[in-house]
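Chemist: If you're matching positions, the sequence shown starts at 149 in my numbering and goes up one per residue.
Derived by calculation from the structure, the hints in this document are not laboratory data. Note that this is a predicted model, so its numbers are computed, not measured. Ideal Cβ placement from N, Cα and C applies to all residues, glycine included. Take these hints with a grain of salt, some might be off.
[What the hints assert, rightly or not] In silico EDC-like cross-links for lysine to aspartate or glutamate, where the CA-CA straight-line distance does not exceed 20 Å: (1) Lys297 - Asp188; (2) Lys393 - Asp311; (3) Lys297 - Asp470; (4) Lys312 - Glu229.
[Unchecked claim] Derived Cβ-Cβ restraints for the label pairs, each shown as a range: (5) Arg228 - Ser163: 37 to 47 Å; (6) Glu314 - Asp223: 17 to 27 Å; (7) Trp225 - Glu253: 25 to 35 Å; (8) Asp173 - Ala385: 50 to 60 Å.
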Amino acid sequence: MTTYHAQWAWRGGESADENVRITVDGSTISAVEVGVAPRDGDVIIRGVVMPGLVNAHSHAFHRALRGNTHGGSGDFWSWREPMYAIANRLTPDNYRALATAVFAEMALAGVTGVGEFHYVHHPAEGGRYSDPNEMGKAMVDAARVAGVKLALLDVAYLHAGLDKPEPLAEQRRFSDGSMDAWLDRVDLLGEGGENWTVGLAPHSVRAVHPHDLEAVVANRHGRVVHLHVSEQPAENAACLAVTGKTPTGVLAEAGLLGPHLCAVHATHLTDDDIKLLGSTGSHVCFCPTTERDLADGIGPAKRLVGAGATLCVGSDSHAVIDLFEESRAIEQDERLITGVRGNHSPAS
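Produce the complete structure using the sequences and hints provided.
Modeler: Given below as structure tokens:
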């Protein structure tokens, strides 16, 4: 057991508390005392301490693209080509090494927990590893070495699009072939282990057909659900053409909305989408540095919060690993849309 005495500690709210004593038992903060003097044996911390940050959306291997995809023109769809090229060079060993470095960079930026949106499951040349979760376990190893807690958000990725029943050749190592096969593989992970948990992540309505989303609901068993939602206008258009609904409308029909759900990006929402996400208390993860890097657009953060949704942030493709920058960008982007300052308080 270790005790710390912090000159200042921010625990939420509008201001920091002075003279805060923090007791740590293993990896757990077991007690916090406010307004107390230091005691013998306390580790004295000058300055301000705060809780560790949670990076709610990460693709660890995208970090290898930093500095390599930012010249010239293009958009999200053209950016995917070098992304797939990197994905198909990954092995369990080099992915473990890369992810360890990425998670360590997060730890240095104050991140103590990460949601890894993991979809590089199988060998690039086809087939399966002897342990079908070898790549996922490489992520677990990487997080352990880097010292961050991990939510392994295991991704179902079955189709290249709503009207494309098969994945592209460059997407095949992402696919288990069917929802049943995906669920069977995820179940082999159990509930996770020390400092890591398992979540379900149907990639998007582009990659998991709407009629398969009910299987996620039926097999959730208390696990969180993350997926990309309305990241691109083309996704919305295809979903409307095939189902007559927006992606958020499809999720509502499947029964997926709620506090257990995190809709990632949610950039191009209708008024009804915002009401659905807010009224169900769903979470929405904004990744502004990635969204601006890929020219995705600016999401309706203020309206989502006003409707009742809870916002979180992620560094996604890791063009930048700085969750304070992600948070600042939400406010700054809102100013560009509204022409008004102070849309989100610093505490929020």
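Chemist: Confirm or reject each hint.
Modeler: Verification of the hints:
1. Lys297 - Asp188: Given that 20 Å is the threshold and the Cα spacing comes to 31 Å, the pair is violated.
2. Lys393 - Asp311: holds, 15 Å
3. Lys297 - Asp470: Since the Cα atoms of Lys297 and Asp470 sit roughly 17 Å apart, the hinted pair holds (cutoff 20 Å).
4. Lys312 - Glu229: holds, 18 Å
5. Arg228 - Ser163: 37 to 47 Å: holds, 44 Å
6. Glu314 - Asp223: 17 to 27 Å: holds, 24 Å
7. Trp225 - Glu253: 25 to 35 Å: Since the Cβ atoms of Trp225 and Glu253 sit about 28 Å apart, the hinted range of 25 to 35 Å holds.
8. Asp173 - Ala385: 50 to 60 Å: At roughly 53 Å between Cβ atoms, Ala385 and Asp173 fall inside 50 to 60 Å, so the hint holds.
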